[in-house]
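**Student:** Protein chains in written order, with our numbering: chain A, 1 to 285; chain B, 1 to 444.
Hint data in this document are derived by calculation from the structure and do not stem from the laboratory.
Even glycine gets a Cβ: it sits at the ideal position worked out from N, Cα and C.
Be aware that one or more of the hints could be misleading.
[Unchecked claim] Pairs of lysine-lysine residues, derived as DSS-like cross-links and limited to a Cα-Cα distance of at most 25 angstroms, are as follows:
#1 B:Lys207 / B:Lys161
#2 B:Lys143 / A:Lys52
#3 B:Lys315 / A:Lys192
[What the hints assert, rightly or not] Under 8 angstroms between C-beta atoms, here's a sample of chain A residues computed to sit facing chain B:
#4 Glu20
#5 Arg45
#6 Asp283
[To be verified] One side of the interface only, derived from the structure: several residues of chain A facing chain B at Cβ under 10 angstroms:
#7 Leu17
#8 Leu48
#9 Tyr209
#10 Pro212
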Amino acid sequence: MGHKDLTAASESTQFDLVIEPGRSFRHYWRDLWQYRELFYFLSWRDILVRYKQTAIGVAWGILRPLLTMIVFTVIFGYLAKLPSEGVPYPILVFAAMLPWQFFSGSLTECSNSFITNANMLTKIYFPRLIVPASAVIVNLVDFLISFVILGALMAWYRFVPSWRVLTLPVFLGMAFLASFGLGLLLATLNVKYRDFRYVVPFIVQFGLYISPVGFSSSVVPGKWRLLYSINPMVGVIDGFRWAILGGNSHIYWPGFLLSAVLTLMIFLFAVRYFRAAERKFADII
Amino acid sequence: MGRPIITVEGLGKKYLLSHQRREPYTALRDVMAEKAKGLGRRLVRPFSGTRSPFSDSSLEEFWALRDVSFEVAPGDRVGIIGRNGAGKSTLLKILSRITEPTEGRVHLRGRVASLLEVGTGFHPELTGRENIFLNGAVLGMTKVEIRKKFDEIVDFAEVEKFLDTPVKRYSSGMYVRLAFAVAAHLEPEILVVDEVLAVGDAAFQRKCLGKMEDVASQEGRTVLFVSHNMAAIQTLCQRAIWLDAGKVEQNRESEPVINAYGKHLQTANGFSATLRSLDGNIEIEQIRLMDGNDQNTSVYSPGSPITVEIRYHAKRPVHRPYIWIGIRSQFGSLFGANMLMDGVRPEVLEGRGTIRCTFHSLPLLPNQIYRVMFGGREADGLSLLFKATEVTHLIVAGSAEEMGLKGEHADSIMGQSAPVLLPYTWELPDGRTVSVNPFQQVQK
Chain A
1 MGHKDLTAAS ESTQFDLVIE PGRSFRHYWR DLWQYRELFY FLSWRDILVR YKQTAIGVAW
61 GILRPLLTMI VFTVIFGYLA KLPSEGVPYP ILVFAAMLPW QFFSGSLTEC SNSFITNANM
121 LTKIYFPRLI VPASAVIVNL VDFLISFVIL GALMAWYRFV PSWRVLTLPV FLGMAFLASF
181 GLGLLLATLN VKYRDFRYVV PFIVQFGLYI SPVGFSSSVV PGKWRLLYSI NPMVGVIDGF
241 RWAILGGNSH IYWPGFLLSA VLTLMIFLFA VRYFRAAERK FADII
Chain B
1 MGRPIITVEG LGKKYLLSHQ RREPYTALRD VMAEKAKGLG RRLVRPFSGT RSPFSDSSLE
61 EFWALRDVSF EVAPGDRVGI IGRNGAGKST LLKILSRITE PTEGRVHLRG RVASLLEVGT
121 GFHPELTGRE NIFLNGAVLG MTKVEIRKKF DEIVDFAEVE KFLDTPVKRY SSGMYVRLAF
181 AVAAHLEPEI LVVDEVLAVG DAAFQRKCLG KMEDVASQEG RTVLFVSHNM AAIQTLCQRA
241 IWLDAGKVEQ NRESEPVINA YGKHLQTANG FSATLRSLDG NIEIEQIRLM DGNDQNTSVY
301 SPGSPITVEI RYHAKRPVHR PYIWIGIRSQ FGSLFGANML MDGVRPEVLE GRGTIRCTFH
361 SLPLLPNQIY RVMFGGREAD GLSLLFKATE VTHLIVAGSA EEMGLKGEHA DSIMGQSAPV
421 LLPYTWELPD GRTVSVNPFQ QVQK
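Chain B extracted, bound-state conformation (with noise of 0.2 angstroms):
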């Protein structure tokens, strides 16, 4: 195997969480109270102890990576999994050198680009021509190296019609296409992506796979790949490491490594990394998936009910906070339940309890991954209590064919459509009237 073209020995990276402060940068002002505040209670109690304002109870440790060690041999293709929170953007911004560890070292024998996000330096003024250069630059390729790519970046992306067009006239599907081939065609030894395959349709995305194992198999690079795509991750990768909580839980070949993270989701699905309220005083401590028999899984048929459960923490007493839980898709929002809308509230949140919420039938197509997301506001309806955070995500499993869906290629269509499916009736011009109710079939 030769010597190791990543090396990452005990790596760490720290954060200060802040409870009291919203923002991670500071107002001067703000320093400036707080120094005078110091002074001032210097000057009327001198012995007091010298406690620096920063350094009291309103900062908190927080270990995004412990102790990551692990070895990427050269033209290996390594998945990195795990739930949201575990550390992997963090890991992967510090091997773009994008962030700095605090602890540990990495060893890389090759250059490395990353894609963290698509698109990154896109100016919407700017026509898709220009971009192609200026994204290019951004990602570390040469002038003469675009120009040497540029037909095939155009021909990959099936923009050509649309080259001298401003890209905020493009559909975000050109967009992303463009985006991403731009990325396709560099040449780093090793290659970095974080899950940016979950934007554009699903014939896009395979051909993004396609490409990426060329890259890898073809021309031997070197690729670490994010995705919460378990049928990505097990196509284009040999390897997979599993970050649980900031720490390697496996790193192996990648089918044993989803097979366990898989069981892992069903048993455990759902958030554990504590979510807590920007005033500090709730911490959420667990949000939970369950399906009609109270069962904890991640995998739902479509129209079956699911329960999403919020175990919470009030270190001290909240008033009728507003909390709203929302299902997003590829495609943005779909539907929740918002307690600014409906009114229901909570009189007091106190200790520890728990939340749920059922939908009663999940109208969702199969073959697309939904995330769910939650939020919350103080009494008054306008502070904000908890951010929009995206909790966990679930998957809707099931065919055509179990739903009555006759048509030819449904099941391929499916994937790419929009995903909330209504009953309806067509009534055709021979006479026929024929109602669809695609998910009274899946319902025992």
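Isolated chain A, as found in the complex (with noise of 0.2 angstroms):
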């Protein structure tokens, strides 16, 4: 008995936990940290159901994006007759449609992803933080096979990309941030305001209208630009273009500094008001 007081006391000393109302933890992320296998399993637990339960899930990962790009083609290239950058019309489409598929669909499930796993929030401690980020990297791997379809697209079209689609991981990072921010804001409304849900889909359907992904922001007017970038998915769409269709593409700077400050804000503000409204959850969902 003696020595297993001895071990229970040498373990104890390195774990040191004060509940207190009001104390957000110190350790929150250290804790978060702690908690990456989770984070990794939860998200494999998404893949793996999703790609599982509809059986043409890889198909319908293909189908769509392919399907949308050849009606924005037909419509903006053909009839609209807009002008390209002087790319196939089908790549200047697809290299849009990468990033906002990606933040559309990060946006609809992270924003509910917290309604979706209330019974963990409930039954289990773990940084909640965690729930809104694995439903966002759940989209990646629809971001992949999109990616893969634009390489088919540029072997077809024999466009060669230049030394800048190196430069893609920054936007992908940019367009992660874009949806993670909004999505984990709408998420955390919508624990204690139901009705967000309803909102998400007008943001969806909106935003498709209201960025560049079936023409090119040149059509834009120049001093209508550095209003239209107020839009953050205008800088990463630019983005986008700039780094896969090469020297033809040219970005609008200010614009793009823009859409990136407001991104940073938007996550900043994000995680700060999900951080005050955590502490709450367990209690309301």
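Dock the two chains into a complex; use the hints.
**Tutor:** Laid out in structure tokens, this is it:
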């Protein structure tokens, strides 16, 4: 018995936690790191379930962006005859479809993530940030599938990308911040005000029209472009086009910077808002 | 004894109960409507005071825990007992950091793993193997730890053959076994367990209790264990904390606490934390169980009559409501009395009064715990008046012998068989005809 007490004592010196009202846990970010495996497993679960449940899961991942691309190419490229920055119109559209689909998918799933995992939130402790983050990660799989299609499309048109394609991860990171920031904010609001779930489909639908997915943002008159860039996805999509389409594509840097700064601000605000609301989650969800 | 591994000082948790809203969350449209109303009021009568739309009488404070203090030494196994609504689950939720206390503090000197529900995070589409990893991670194990324990977990759960089957095809017994097996192989310094053993068959329950005892005595871990099963608490725990209405009633060696709690149940059996109708008009002040002699008790012999007595207080007259009472076991609902079905209804509930319902014979097997459920609907038969709520429980005590059941293993089988036993007759190939009427035997 004696040595057991000793081991228990030595173990407990490693761990010391005080729970008090209003005390946000000091080790929040360290905790988050310790729970990285849960993050990994939750993402893995969501990916597994998504592609298990829909028999045509992967086919769906291919078909959706492909059909949207064809419709946009016909409407904007052939009927409206909008400029294509000197590349085949399907590639112009697809370069924007990549971040847009990632954004809309992530936003939708992220904003519902706390509600769909309500049971876990009321039964177990873990840093709650993991739930919306893993919802976004799942959409990376769809993104990768779409990326392969883009590769095929480029091969078909014998289009060779320049070195700029290597900068793509930077813009992907920006798309991640944009969807995670907004998604986290909506997810947190959704816990308290359930009618926010009706806002999300609207944002996604509306966003498709006000983002330069089907057309190049160069068709927007110069004096409006800075205003246009208030939409964070304008910066992301311009960045994707700049990286993928190479030499012919020009980026409007002031607008891009504005988008980037706004994205970062939304993200930081969302994290702060979430951290303040998080402690009451289990009581109201 | 050294330093306590858990120190709880003056712990309290307050909830705001709403009489108008039926859900804990709000709709933004309601908030905006309330704000607009308030604004309108202020425009019309600018000096009538500035009452916020949410500070009005529709909110009421409720302390689920108040002023709770205790210490737990490393390696102790502590049972937490008390009636429904006494604050047990709230205490466990605070200790496992799921919810935050309103006042007081908790000092933990060891890692906590909590098992408030069996199979949290299980996904029905995933296989047993996949769910072991997922659930392990949810409970705080690392991948390496899970891999190391994987075979042990599978052995314990007895599901080798079905490892690659989605758990949605598992029987409920297999599901529970697998889920508990994962949790049982956690290695925290403090293990917090809510009443998860209420599920599963008796043999597996014994196995789980044994495992928990090992965890505590051989590996020197601290266990906090909530249960309604006094026998389980008595075998597993040296100490017990009895919570009543959010306060610590007793805290010492488990045996005297359990005895005192048992006595308390005998005298004050029933539901006493007030249950309120969703529209706020009716308060159920007490629900009691009584035997054939109108004596309040929670222990019944098989086949004996039982009366459920509901004491209400209607603040406003409620016309022609529907009330129902149901009896459940671990297998689900068994039987009940439902006004929606029989059409018997009170014309009006007004002020204080009682409704009684007597079942003339309980056809229930001993050695199981039965839960009494209560609910109600408004006069239209559609709108909920009371959500289905577990209000109290009862124990049927007796032996196979006194019921005239002669099977060799009858006593041990009773705890895990379908609980309702009706009279029946066997006709055998050798010409014998044997009638079995077990409840006749004990009815005096």
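**Student:** Leu48 of chain A was flagged as interface toward chain B. Is the shortest Cβ-Cβ separation under 10 angstroms?
**Tutor:** Holds. Min distance 6 angstroms.
**Student:** For the restraint on Arg45 of chain A, tell me whether the closest CB of chain B is nearer than 8 angstroms.
**Tutor:** holds, 5 angstroms
**Student:** Lys207 of chain B and Lys161 of chain B: Cα distance at most 25 angstroms?
**Tutor:** Status holds; Cα separation ~20 angstroms.
**Student:** For the restraint on Pro212 of chain A, tell me whether the closest CB of chain B is nearer than 10 angstroms.
**Tutor:** For Pro212 of chain A, the interface hint is violated, since the closest Cβ of chain B sits about 31 angstroms away, which is over 10 angstroms.
**Student:** Check whether the Cα positions of Lys143 of chain B and Lys52 of chain A lie no farther apart than 25 angstroms.
**Tutor:** holds, 23 angstroms
**Student:** Was the hint right that Tyr209 of chain A lines chain B, CB cutoff 10 angstroms?
**Tutor:** violated, 24 angstroms
**Student:** The hint names Glu20 of chain A as touching chain B; please verify it with the least Cβ-Cβ distance against 8 angstroms.
**Tutor:** Holds, about 5 angstroms.
**Student:** Against chain B, with CB atoms and a cut of 10 angstroms, does the hint on Leu17 of chain A hold up?
**Tutor:** holds, 4 angstroms
**Student:** Holds or violated: the hint that Asp283 of chain A contacts chain B, with Cβ atoms closer than 8 angstroms.
**Tutor:** holds, 6 angstroms
**Student:** Given the hinted pair Lys315 of chain B and Lys192 of chain A, is their alpha-carbon gap at most 25 angstroms?
**Tutor:** violated, 31 angstroms
Hint compliance for this structure: hints 3, 9 and 10 are broken, all remaining hints hold.
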